[in-house]
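A.B. asks: Chains as they are written, first to last, in full-length UniProt numbering: chain A, 1 to 436; chain B, 1 to 436; chain C, 1 to 436; chain D, 1 to 436.
Please note that the accuracy of each hint is not assured.
When the alpha-carbon atoms are kept at most 27 Å apart in a straight line, the in silico BS3-like pairs for lysine-lysine are as follows [as the list claims (entries may be wrong)]:
no., chain 1, residue 1, chain 2, residue 2
1, D, K414, A, K205
2, A, K267, D, K417
3, C, K159, D, K205
4, B, K221, C, K414
5, C, K417, B, K205
6, B, K241, C, K159
7, A, K266, D, K417
8, D, K221, A, K414
9, D, K303, A, K266
10, D, K414, A, K241
11, D, K417, A, K221
12, B, K159, A, K205
No wet-lab data here; the hints were simulated from the structure.
There are 4 protein chains.
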Amino acid sequence: MALKLVVIGGGSSYTPEIIEGMIKRYDSFPVSEIVLVDIEAGKGKLEVIGNLALRMVEKSGKPIKLSWTLDREKALENADFVSTQIRVGGLDARAKDERIPLSHGFIGQETNGAGGIMKAFRTIPVLMELAEDVHRICPNAWIINFTNPAGIVTEALLKHSFHQKVIGVCNIPFNMRHSTAEILNVSPEDVRIEFVGMNHFVFGKKVYVQGIDRTNEVLEKLQGDKLNYSPANIVNLGWSKTFIESTGLLPNPYHQYYFQTRDVLKKDIQSFHEHGTRAEKVMELEKSLFEIYSNQQLQDKPKELEERGGAFYSDVACSLMDSIYNNREDVQTVNTTNNGAIPDLPDDAVIEVNSVITSHGPEPITEGALPASVKGIVYQMKAFEELVILAAITGDYNDAYKAFVMNPLMGDEKQSKIVLDELLTAHQSYLPQFHF
Amino acid sequence: MALKLVVIGGGSSYTPEIIEGMIKRYDSFPVSEIVLVDIEAGKGKLEVIGNLALRMVEKSGKPIKLSWTLDREKALENADFVSTQIRVGGLDARAKDERIPLSHGFIGQETNGAGGIMKAFRTIPVLMELAEDVHRICPNAWIINFTNPAGIVTEALLKHSFHQKVIGVCNIPFNMRHSTAEILNVSPEDVRIEFVGMNHFVFGKKVYVQGIDRTNEVLEKLQGDKLNYSPANIVNLGWSKTFIESTGLLPNPYHQYYFQTRDVLKKDIQSFHEHGTRAEKVMELEKSLFEIYSNQQLQDKPKELEERGGAFYSDVACSLMDSIYNNREDVQTVNTTNNGAIPDLPDDAVIEVNSVITSHGPEPITEGALPASVKGIVYQMKAFEELVILAAITGDYNDAYKAFVMNPLMGDEKQSKIVLDELLTAHQSYLPQFHF
Amino acid sequence: MALKLVVIGGGSSYTPEIIEGMIKRYDSFPVSEIVLVDIEAGKGKLEVIGNLALRMVEKSGKPIKLSWTLDREKALENADFVSTQIRVGGLDARAKDERIPLSHGFIGQETNGAGGIMKAFRTIPVLMELAEDVHRICPNAWIINFTNPAGIVTEALLKHSFHQKVIGVCNIPFNMRHSTAEILNVSPEDVRIEFVGMNHFVFGKKVYVQGIDRTNEVLEKLQGDKLNYSPANIVNLGWSKTFIESTGLLPNPYHQYYFQTRDVLKKDIQSFHEHGTRAEKVMELEKSLFEIYSNQQLQDKPKELEERGGAFYSDVACSLMDSIYNNREDVQTVNTTNNGAIPDLPDDAVIEVNSVITSHGPEPITEGALPASVKGIVYQMKAFEELVILAAITGDYNDAYKAFVMNPLMGDEKQSKIVLDELLTAHQSYLPQFHF
Amino acid sequence: MALKLVVIGGGSSYTPEIIEGMIKRYDSFPVSEIVLVDIEAGKGKLEVIGNLALRMVEKSGKPIKLSWTLDREKALENADFVSTQIRVGGLDARAKDERIPLSHGFIGQETNGAGGIMKAFRTIPVLMELAEDVHRICPNAWIINFTNPAGIVTEALLKHSFHQKVIGVCNIPFNMRHSTAEILNVSPEDVRIEFVGMNHFVFGKKVYVQGIDRTNEVLEKLQGDKLNYSPANIVNLGWSKTFIESTGLLPNPYHQYYFQTRDVLKKDIQSFHEHGTRAEKVMELEKSLFEIYSNQQLQDKPKELEERGGAFYSDVACSLMDSIYNNREDVQTVNTTNNGAIPDLPDDAVIEVNSVITSHGPEPITEGALPASVKGIVYQMKAFEELVILAAITGDYNDAYKAFVMNPLMGDEKQSKIVLDELLTAHQSYLPQFHF
Ligand SMILES: [Mn+2]
Ligand SMILES: [Mn+2]
Ligand SMILES: [Mn+2]
Ligand SMILES: [Mn+2]
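Only chain A is shown next, with the shape it has when bound in the complex:
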């Protein structure tokens, strides 16, 4: 039986992970065809990745038909799964998202604050178009959305596109589970964390090992000075004993932007002055990665990819596709419609939540009311996300401004306008929905 995967943004440096994942899982998830799709501007990289992927498949001996193309519509024909990992405007755009807010004294980050808002503004229209294509060409296909800000983008698609088979994924819950397993010296498969919140603003509420609650043990170990379960791309400043103890929650690495704003800002501004933006570092990293990829002897995902920061991304996505395909009814953490799982949040909000994965989609497990300590900030972040989505769809300046002024990392009514104006101008060519 045919089983076809289309990778949108196939020229991404992450693609070898997906290829590896597909090969590894072939027995239970027998993908028969993979098509890597990219746009004209990414043609060169697509070629490199396509060739490497081909060598990987060949080495594996699996009967997978692999190809690459710029013709998205054709690629989508008969697709069963469509994964998305695009970066509208590329790393140049990311550099602006990081630099411009920082230069005004605000957090400049890829998926948080002003930078994250702009990334959503650039990305949502492109993925809306993809969703409509999918709905028309391969209406039974699942979109597995890697593209950041993954939660916001997924909510935008589920609210505004006709295609409703969309799931957002992130490696943060996966990383937190693995780091927690390490802390407790147990196997990651035995660990389940009950998550509450949204993508990149998710907290761990309970840690179970083989069903036994060991949350307190983890919380105690987290209070150490620099104990760390952050991914490679985020430097962790460590959490205070008081914060961990009083909230009783496991923060995720991105929470430092919200609860350690002063120190992170100081550190990031200094780092920016010394080394430039993170985007610029990544550009170098990518350059050397693609040199490695181009090596015609290479038949495997090179270990250098792990330093890139997105480790396990493909593990997360491949596990998800496998469980959908096989109707496994296992529990995975995905970005999907709330539906009452957190009664404080709107039923149609997208949250990052433990869900039973079936062939007809994820079924979120109820979380119950948000913990009193964070319910205010979680609700505000969701209300902010709604403003971002609205502005991304309408292209209305005032809507965009409201998203800025209601973001906890911006907030200032006058500065918000200044930073927004500069960013809109900088990204103008990727914001067709806005009128200039």
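Place chains B, C and D with the ligands on chain A using the hints.
C.D. replies: Just chains B, C and D with the ligands now, kept in the frame of chain A:
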């Protein structure tokens, strides 16, 4: 490792099913000790059942220590699971629950209408006492509540006792799954029904076979004249094409009392005049069952038990205990706290809901808003259940009256008083909380 | 300054009340023009009423321009207020609404049960059309909707028409206030009742006299055998002490259909056999009223009108228009959007609620959670009303059936179909939205 | 008929306003007795105020019995109204609330941020004690709470004391109404603003003049550079056109702390370095006010009081008491229980809301869902307020920390601890509920 099960109401004719279930599941659920507990009045039956259970265990060769006792407190020591299957007032009381409402022209049924309310009034105080014992003597034990009205009783315990490890079970979801499998000619393991509602008022919203939605196929087949998936104790009148088609839901057998009231009433009154109450039929059935049980050669659950009406009850309970013990994280349908699964109902309501079963308890899967067609009646039934629980706890006459007048099968403000008064008098000795 | 009132259904026998009300209130509400509008079939009655109204205005000496017409669009030009009091299908249709359900053993009543549903089905499309005319021709005008079922009709307009300046009125809250004043021997102006619920299903929760809570006193007096505050058209059977005491609420006269169903049904069937339907009685009443109206000497509302059953209707409507016109910010009981006043009900539900009346519309006063005793039945009635509105708009048979089967006075899945089918056929010519 | 007012904190410099208000309203609100109560430490000021008040009453010729005492319990006997205007720790404590956060680079303000939290911690226990006294000694009396943070304090009393007749008042809504009247050049009596939010975080959503919506006109005029409707104690920086236009809301003067944080902080730090804290300025003001008050010739409220910043406070409170006494059913803006007025916020939250004022208390008018632009921040502020109240009641360090870290003006997990620790130590003697 010790694993101890205490069966409250151990002298019940259903007990051999549990014993059989424990033996069958021994490899994955290695129960080391079973204690059957009953009250003085049930001593004779307990003796018969205890001896039969012993013969069953002996035949199995499993190293299970089996005993029986009237000393509940002692039995509870070190218990891991406590199952309850009691009938306060016995079948005599049931006969009154059936006869008295019928004699006034209202549905007289064990778990619905006036009869169900009275059963709750008699049962809740007894199980509250058990829950307090469990909380004091074996606080880590799970109470698996079979006792009807199972949903109401479970909500009463979860709201008013300190012990919070309580799960209610019923065989209706299990039966619906099996009947549906039969209808579709597939294996029951491959069928999952998405249930919405409460115990004995639950609807099937979606039927999935290996994750594929086949609801419409089932609905079409249900429209046939007398197609039936009722348990033995409920005669089915068949559902009209219009009802099935317009609601798009699978009714459960008890729904006939609500949506076919006239016909059921007519039939039940006639049957009562011809054959007496169902309780009286069951008394005969029980009598002959206990004769069979007393046969010292019998070493197995006799097939006559199936006619008794509670088939699969123990399958449901044993599967549940197995999944808790082994932290299986599989999906089962249980009575547990809503927690947002159905946003229309209170978060602390007990509903019958598909849940992930873990060692720390069931985690309900979100259902989303109730279907528009039944949201009114489901909400009303839950509000009615709250009134029943309140009255069962307070013993206040006016609270009891409100439960009667707000029950859709009663409703009449004058008749409610008449029927309530007669029932209160009839059951006086089992209603210590009410003042006479 | 011009102030124009258009009376839709101007040929109604109630119209003299409105005329009288306008004359009485002229000083504070100086209406400069009144146009009575009716349809071809009502031309004769319109002529009679128009002439009587003219004589009343002339006698009053107020400078009110009064006219009547069949040209609705022209009449609506520059209207400030549009009152509606229509009866689609006339009293013949009402007779069918009463007779057909009764003949199957169900309550047959103008605004409750099967009859009320059919009245909604006939009325909503006609008023939707009116609302669209108003929105186009006189968009600033307020529609004051007298037409029954007033709450359901108002909700239908507010949910489905573009015109949002719509308020529903009923004389029941007014009557309850006056009867309560009588019971307490105080002035009606000093009495305020806190109402909860919907039109014709509203309860009194609190009775204040000059701000002082005197609810218990009223409840005690209501328990008397036949104490009565019903309007002329509803025979009251009296409420039991237990019902009043346990709910702690003032029922409205229509509640007898729900809580005294057996007795009402018995009485209504007997009365039907002896005297025919209420509609038929009203036809006679109307006939003699119009004879009186035709008397060219008559220059006042004749006292015989009071027997007709709708006493105070125009008082309610005239007070409301006066307060809107003068931005009085006084408290009146109207049918308007819930908006959180009763948190248990949908925000967009229309409820009958005490509201501050301003020039920009009614502002409901919060009620808080529904009383536990009636929250189930109130919620169910609202859910039922939603089904009625849906069916009235879609004309879908299954939607209509769901409204029937989920109505507490119908409920039976098989009988609902039989009664619905007979009613649909009987009213076919007034149900263009349904396909036959 | 006796009508007794007790003024808790009677030695406050504001008291002459209340005395003047009582004299002015004597005809409709015939207060027969006023007792000013204060504590030992305020004895000297109480003496001065008491004597001035006596001279004012004498000059008025009204038959009001005026006295002052330190014996609160005796004073409360037979009280009808109890107004509270206390400052636990006096202006010295306020100076610390302002200075300490500022010294760490955070907003230092009396009712916002860290300062406001500490004021709540000091005040709530004292007013809880008062509420219990009132409940025991004069259970029918209304507490009219002026004491800041007025919304938080009122919520604390309504949630945790037995006394439920408590209403919070603030002059901000009154000021906004008056300033708006000035902007529109109309009479304040003709203006009604629809408020949404909480005390000191309230927005104006709609401005009506004689019932006509003139919101947009006001919004346009607010966009001017320095247009101002702030009270004397808050320097206004002016709102940007974009902020006003995009939110479509009237901010209140305290909103500058949240949406102009950088500029306010800069200004406040500079002002602190040049002139010290606002508390210190007030101390001087108070000193000279009391000199004026001591003048035995003075028989009126001196005009210098207006500069003090609390203008109209007593107008607000006196109007409220008058409407309660006379059951006026007029609309006033008070701090009372939400009860569904804003469905997004908890039903038991205290909000600042337009309410119908009756003898049995304020009845909030429904607001409907919060505007999308501010729903996140309003919800967060309410969640924060809940944390403050919890900590004020429990005296738990972690609860206090959570209130700090979840306050938008603090937020930083490490700095929050530092500032909290310094403030706890500084106010130790006024925080008996905290353990040191
Ligand atoms: Mn991520
Ligand atoms: Mn059952
Ligand atoms: Mn009516
Ligand atoms: Mn204030």
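A.B. asks: Checked against the structure, which of the hints given earlier come out wrong?
C.D. replies: 6 and 9
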